[in-house]
Amino acid sequence: MTIEPLAHSPTVEPLVIADHTFTSRLITGTGGAPNLEVLQQALLASGTELTTVAMRRVDPTSTGSILEVIEATGVKLLPNTAGCFSAKEAVLTAKLARDAFETNWVKLEVIGDEETLLPDVAETLDAAEELVGEGFVVMAYTNDDPITAKHLADVGCAAVMPLGSPIGSGAGINNPYNLRIIRDMIDCPMVLDAGVGTASDATLAMELGCDAVLLASAVTRAQNPVAMATAMRHAVTAGYLARMAGRIPVRNYAQPSSSFDGLAEL
Amino acid sequence: MITLTVNGEPKEVQPTTSLKDIVSLITPASRGVAVAVNAAVIPKSTWETTQLAAGDEIEILTAAPGG
Chain A
276 MTIEPLAHSP
286 TVEPLVIADH
296 TFTSRLITGT
306 GGAPNLEVLQ
316 QALLASGTEL
326 TTVAMRRVDP
336 TSTGSILEVI
346 EATGVKLLPN
356 TAGCFSAKEA
366 VLTAKLARDA
376 FETNWVKLEV
386 IGDEETLLPD
396 VAETLDAAEE
406 LVGEGFVVMA
416 YTNDDPITAK
426 HLADVGCAAV
436 MPLGSPIGSG
446 AGINNPYNLR
456 IIRDMIDCPM
466 VLDAGVGTAS
476 DATLAMELGC
486 DAVLLASAVT
496 RAQNPVAMAT
506 AMRHAVTAGY
516 LARMAGRIPV
526 RNYAQPSSSF
536 DGLAEL
Chain B
1201 MITLTVNGEP
1211 KEVQPTTSLK
1221 DIVSLITPAS
1231 RGVAVAVNAA
1241 VIPKSTWETT
1251 QLAAGDEIEI
1261 LTAAPGG
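Residue numbers (my numbering), protein chains in the order written: chain A, 276 to 541; chain B, 1201 to 1267.
Keep in mind that the hints are not guaranteed to be accurate.
List of simulated lysine-lysine pairs, DSSO-like, C-alpha gap at most 27 Å [stated by the list, open to error]: (1) K425(A) <-> K1211(B); (2) K351(A) <-> K1211(B); (3) K351(A) <-> K363(A); (4) K1244(B) <-> K425(A); (5) K370(A) <-> K425(A); (6) K1220(B) <-> K425(A); (7) K1244(B) <-> K1211(B).
Think of the hints as simulated: they come from the structure by calculation, not from any bench.
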C-alpha cells in the first residue's frame, strides 16, 4: 500500500505589505551585478517580486536600461533613497521617484556616514513621518535598535527594515537578540535589510521572526549570482517554514531520541 | 542666452527654452525620468510650461542599479 503525503503540506503564507500581496518573501536590490543580463537572470532565479532601484542623474552615454530589465521580469519596482544624508534629501528623492515611476512606494534609506553606511535614525524618523503624511508606502531601513524600530512603526511605516550588519559587509546578523526584541515590539512587517552574506544568514533572519529578507550584494557580488539567488530563494523558504514549524528548545545535555525502554542486556 | 546648471554642468540656452526642451537635450525618454529645479520636484505634466531663469539648477534623474 502506498502512503500519500498530506493533502495540504505546509507552505509559505503570502506576505502583505500595505495593499500588496507577495508570494515571495525575498526582496532584492539591483546594485553590484556584473551586468544587466546577469542581474535579470538572478532576479528570475531568486523568485523575488519586489526589487529596489536608486535615483541617479541620467547618463546620456549609458547603454541598456535597468527599468526595461526589471519590467521584463514582471518584478515590482521599489525606488530607494540610497545616498541621502538628510530627511530633506530623502523626501525630495522619494517624490522624484514617485514622478518618474508612478509609484508611491519607497525604500527609505538615510545614512549618517560614508564609511559605515549606518542609518541616521533621527533623519530617517523625520523623513518617514513626512513621507507617510504625504501618502507614501514607506519601507524604512534602520539600525537594529528596537526603540527606533518601534518609533518607525508608530509613525506608520509599512515595513520596518533593521540591518543585520553594515550594507555590503556580508557579515550576517550581528545582534540576533535585538531582532527578536524588534519582532516582539512591532506589528507591521519586519524585513531584514543589509548584511546578508550567504544563505544561512537569510534563513536565520526568517527563523528570528523576520517577515522577509532584503539583500543585494550577497547575490549580485557572489561568484555565481544566479546560483546564489536560487540558494537565497530556498533559504528564505526554509527559515520561514522552520519558524512556523516550531523548533525544539536548546538544551545543555543530550536527550535520546531512541528510548532506553526495552534495551537488550548484552 | 542664459546659463543654467544641468546635472552639474553649465549649459547656455535661449531664455525661452522650456524644461521639456532641456530634458530632451539629455535623454529621449520621459518615462522613468524625474526632474528637480532648485531642489523642487517639477511634475512631468508641467515640464512644457515651465520656464527657466538664469542660474537655475536642474537635476534630471532616472533609475540606476542600487541596493
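Evaluation of the provided hints:
Between K425(A) and K1211(B), the direct Cα distance comes to roughly 47 Å. Violation of the 27 Å bound is thereby established for this hinted pair. Proximity of K351(A) to K1211(B) is assessed by CA-CA distance (about 36 Å); at most 27 Å being required, the pair is judged violated. For the proposed pair K351(A) and K363(A), the alpha carbon gap of about 26 Å is at most 27 Å, so the pair holds. Taking the CA atoms of K1244(B) and K425(A), the gap is near 36 Å; set against the 27 Å cutoff, the hint is violated.
With a C-alpha separation of about 25 Å, the suggested pair K370(A) and K425(A) falls inside the 27 Å cut-off, and the hint holds. Taken as a hint, the K1220(B) and K425(A) pair is broken in the structure, with Cα atoms around 43 Å apart against an allowance of 27 Å. Restraint check: the Cα-Cα separation between K1244(B) and K1211(B) comes to about 21 Å, which is no more than 27 Å; the hinted pair holds.
Going through the hint list in order, the structure does not satisfy hints 1, 2, 4, 6.
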